[in-house]
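Chains as they are written, first to last, in UniProt numbering: chain L, 1 to 402; chain D, 1 to 393.
In case anyone wonders, no lab produced these hints; they're calculated from the structure. Keep in mind that this is a model prediction, so the values were computed, not measured. Hints may contain errors.
[Unchecked claim] In silico lysine to any residue, SDA-like type, Cα no more than 20 Å apart, as pairs:
1. L:Lys353 x L:His75
2. L:Lys386 x D:Leu376
3. D:Lys256 x L:His75
4. L:Lys170 x D:Glu240
5. L:Lys18 x L:Leu55
6. L:Lys328 x L:Cys294
7. L:Lys371 x D:Ala377
8. D:Lys327 x D:Ala91
9. D:Lys217 x L:Gly211
Given next are the chains, with one letter for each unit.
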Amino acid sequence: MEDCLAKKMEITVSEAEKRTGRNAMNMQETYTAYLIETRAVESQSEGQCAPVDSLWRRYSEFELLRNYLSVTYPHIVVPPLPEKRADFVWHKLSADNMDPDFVERRRIGLENFLLRVASHPVLCQDKIFYLFLTQEGGWKEMVNETGFQLKADSRLKALNATFRVKNPDKRFTELKHYSDELQSVISHLLRVRARVADRLYGVYKVHGNYGRVFSEWSAIEKEMGDGLQSAGHHMDVYAASIDDILEEEEHYADQLKEYLFYAEALRAVCRKHELMQYDLEMAAQDLTSKKQQCEELATGTVRTFSLKGMTSKLFGQETPEQREAKIKVLEEQIQEGEEQLKSKNLEGRDFVKSAWADIERFKEQKNHDLKEALISYAVMQISMCKKGIQVWTNAKECFSKM
Amino acid sequence: DTSLAEVNSFSPSMPISPSSMINQYKFEDEPELRDLFITVDDPESHITAIETFITYRIVTKTSRGEFDSSEYEVRRRYQDFLWLKSKLEEAHPTLIIPPLPEKFIMKGMVERFSDEFIETRRKALHKFLNRIADHPTLTFNEDFKIFLTAQAWELSSHKKQGPGLLSRMGQTVRAVASSVRGGVKNRPEMFTEMNDYMETFSQKINVLDKIAHRIYKEEREYFNEMKEYGPIHTLWSASEEDIADSLKGVASCIDKCCKATEKRMAGLSENLLPILHEYVLYSEILMGVLKRRDQIQAELDAKVDALANKKTEKDLFSEEIGKLEDKVECANNALKADWDRWKQNMQCDMRTTFTNVAENNLHYYEECLATWESFLASQTVDLHVEEDSEDRP
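In isolation and in its complexed conformation, chain D is listed as follows (with noise of 0.2 Å):
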């Protein structure tokens, strides 16, 4: 089961689309090194006197040493994946943690607990542990192998260790003043350059992800109008002899190609959107990211402004202006590093994915193609020649 010929390949209790495995997240590598499996599955609802919420099973598959098993079946709720979120930003602020699906659609279409909205986040949630997973480092945090392996009640009992609640709100406190004064004067002209690039970045992709749901929107639309075109054909061959056949066969052909065009929409909503909206989610969690380099920055930027109004002392704040240099130095590494491989990922997965919505096009084309040329030689076999040709206008 855990094979290496199975780097990509998960749980048979998953539903596997041609189109949706594209979507699973392809870590390019050193697939070959992989020693950790995760999937998520079968959502279940459950009811309680308070509330209504759904899990999804988590199955983790692995051969390392510090796992204790290598095998391990969870449920989890989506306040679960929350909570691994925040302490992987807590232990690693100025790595880039990968995004989670949104709490809530505003888009207003889908139902809160409908099919398609737990489907579509639990497509998300798979990625976001199986992206984790692919990280060097994140792979390794402590919190992370609890979420996989705890039950239930340990679960609980561990997230109520910890830094708690106000210490967390200290943090933010401090984030939100030292973003207010600095860490910007003294940033590393890498770092400047990264803010730029994400804040185009970030525009583009907006756009982009708005155009796709666009170009879905009126996919549809033609869908639904191409519904009703075939059958009038079919309709007016009823009340004719000598073409009806001629009739029959272009209602044959509209309907497969209607066939083709919904192929496509769903080819869309499987592959385009979701990446796009991940990228939206992910220059959202970059600029955050950024934000924390710079506050680290910021407070070592203040004790050194704070050591040169102060003459005496200097030996105390030189120990902590050390440390807070080594936190520097090291967030920034960090952040390059994994800045690197985000835009490896990103390449690739923008480079699969628009490649994909070609063949999709070219599939629908294909196969509308291949409808209409074969109606074409149904009738040209039996078309008579034409007296009097110049008799016809």
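Next up, chain L with everything else stripped away, as it sits in the complex (with noise of 0.2 Å):
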């Protein structure tokens, strides 16, 4: 890790700001940019505090980083994006993705995301990732200039090679079911912890009714009064506490919704390895139909039923000098079927080996990053229960004086 790129250097997303512009149709739009800043750290040591460079990025920068590290490095586990449309809100927040709070969030998100692609071995020393945090103008065309785009899989022959693959590496099988089921065990988690955070709003929130009534009825009472008003101040207190309870809930939200997406970037990998199995195995496959058809050419014997076939018996027999120039044609085929299956062999094992060790790696990530979440939340909990108690405490005192 020594050498990996958060260490010599500080990124933050520091702000967040809306423009307007034109869009691809020349149609005026509003978005959000947000402001990268990066600062060496080594000259920090000595004493000195070096320039901040910052340039502006918007989301669908920050997603053509993404695809592009995802196609050029098909064995890692790429760090997700945060969400581009709100999911999983409650009442209270807005689906707008110009609410404040939605874009602070956002904002969280994205630098968390930065944070992750450099503190990675492999994907902190990509060109491309330096340039994004170094170069504002001209780093699109240079993406695009990777060529990129070409070798990303279409979704129809990875779908494809997932039904028909026949002998994948049971570990990738069974990370792939992994995925899913956290996919789906989160998914459920977010929209349930979503309504028990409404419902517990509401029960804060209806308590700051009391204020009023006690306000109003101790104005007719004599010896009542005091302890009314002051028991319905502290109701009022009570009421506007679930606000900043709520908002840090969000952040424990936002730190499960990172692993949500995690599990979609555990499947590509997982496709990826089904892909190229799939290549090898039709490779293969290729191979010894055609070593066939050499050896029936040679011996004369027709085992397999072909079209050319029936049509040589029906119409003639090929001549020798025909049928010789077939089988060198097919002995050259052959030989380069085998060196390309080789290499495609050999590119396999490197992929599951690399994509293994990355996948170590990330589940030790996962495991940390979720139990460190998971005391958060107790954390978050007890803090909210010592709220409570010193409020229902003050009104108990406020109360017993009626």
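Two chains, each in its own frame: build the complex with the hints.
Below, the structure written as structure tokens:
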């Protein structure tokens, strides 16, 4: 990890700004731009403060970067971006992309994404990533020049491979099941959490109604008046406290969401393996059939039905010269095919090895992060309980003086 | 059994939960002088050709001389309670007669004879009788004694005596008539103040009643969602290895908090909701008592006005007026004393009930805190030191 970029460079996404501009269809659009600030770490240790470089990027550029990384490093579990649109909202949050709370949480998510990439042993060395952080103009063109779009596998091809592959590595099959389960359970959890948050909000806010009634009632009471009035005040405090509590919980939800999206990154690696494996199987199959054809031509026996065989029977055998020519072509193809198969095999094994190494790294990171997230959730609950105890202790004192 | 130590204890056949103990009517002044103990329990269903109804067992224990025995057990139905209440109102028009639970519940949630409905009613009937027993005047009312002691057939025959329906209707007509006219212009300042107070109190208590129901509803919805929340974590733990324990720990905490929320809800429905409901009924009763005082006043005022117009027959009238003046004075004094008493009890009830609500919430948060703190302790025990912590965002 010593060479990793995150150690050499401080990266923050420090601001978000609303912009208007023209899109590809020359229509006016509003979007948010994010300020990326970078600063070299080394010169700091010499007691100097390095200058801060900064540039603006919008979400679509982050998307482009991630697509590039996914295609270029298919054996890596590429960190996911924060959600494009607000999902799993409960009623207080708006689903509007321009909502300041959403923008703020997205800013944090984007910073998190950059830091994850910068601390990845392989990804942090990528040139395009470095330029994303340091070169504002012309970056898009440079990405497109890498031609990564051509390397991308078509969805259809990938789907086909998934269905037809015969012998994928068992570990990848298991990993695919795990990522499906992870995605399903985290989605469910986030949905229920949002509903629980909504209900909790209701409980707290309804208590706010006490304040006004107590105050009005206290006006006609002599001895009870003070107790009622001050109790009402504490009920107002109680009702107001839920806003901060739930705001904090959103950050916890965001941590879970990251791993929800990571599940998709895991699946992508599995898909790539299936594709390569399928490719390999097809190549092997092709080679086998060519060898068989060759053998049949050489020995003159037709073991397999072929249209050519039939037509030649009907319209006459081909000349020995023609047969020789065919055999030669086939032998060349067979040799090519064997070389290709060898290299595909090698590629496949390399892929499995390096992918699995990254998957192990990812597993450790995931276990660590999720455990910490659960702990932070407990800490939040404890804080909420302590606030509740304080408010109700105060209220109890007021009531007992009524 | 009738020892002074058992001032607030009741027949063992009645279920006692800690929170319902607080809900028992507590009369604060002179508890040592209590000599009449009443319990209402054991609802039983009776089916006849014409109707189905419920009776409740009333057990009375007393050391009073005017009672022939020291212990009585009778069965009464809701109708009988209605009869008792109307007799008390008749005999003491300006005393504050405690509220009876309503005939029907319009909220539509509860079936007419569901267990919940019967239990709520039983508790309210229990309170009703005990409030009468604790009232310095009403406790000695003859109809009250008969209610507690007479066998079923004795009670029916007693009910048939006394002013009939027609005379009671006559009273109502007069009451309506005089309320239209007056009793207001010569009303002593004190009662105008009472009226103003009751108008505001009535408004506020009704709003509070609604708020309390809203809170209960929100807490119940929260509870329903929480029930689903914990198990998801357990489900997740099944596909994990390293973090399975943490996930199961969170699941267990959430489940415990869920149970604690259920307790909190129960506390609300056993204490705050019934008390607020009673005082909603009380506010109607009090408005009625104030009106009746005004009517008595109106009778006097009418006669005084009539006298002013007649020069002759002054003597005749002055005797009548004398009687009416006494009647007004009695009514005013009775109401004043009872009002002071009612206010004190209201204050005590409110203080106790809301303090109890606060305590309920405190217990809830304390329980949840303990749960999460113990989870946190279990987690931080095996947290290893993280190297390269700067590498992680």
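Status of each hint after checking the structure:
no.	hint	result
1	L:Lys353 x L:His75	holds, 9 Å
2	L:Lys386 x D:Leu376	holds, 15 Å
3	D:Lys256 x L:His75	violated, 43 Å
4	L:Lys170 x D:Glu240	holds, 18 Å
5	L:Lys18 x L:Leu55	holds, 15 Å
6	L:Lys328 x L:Cys294	holds, 9 Å
7	L:Lys371 x D:Ala377	holds, 13 Å
8	D:Lys327 x D:Ala91	holds, 13 Å
9	D:Lys217 x L:Gly211	holds, 19 Å
Against the hints set out earlier in the document, a violation occurs for number 3 only.
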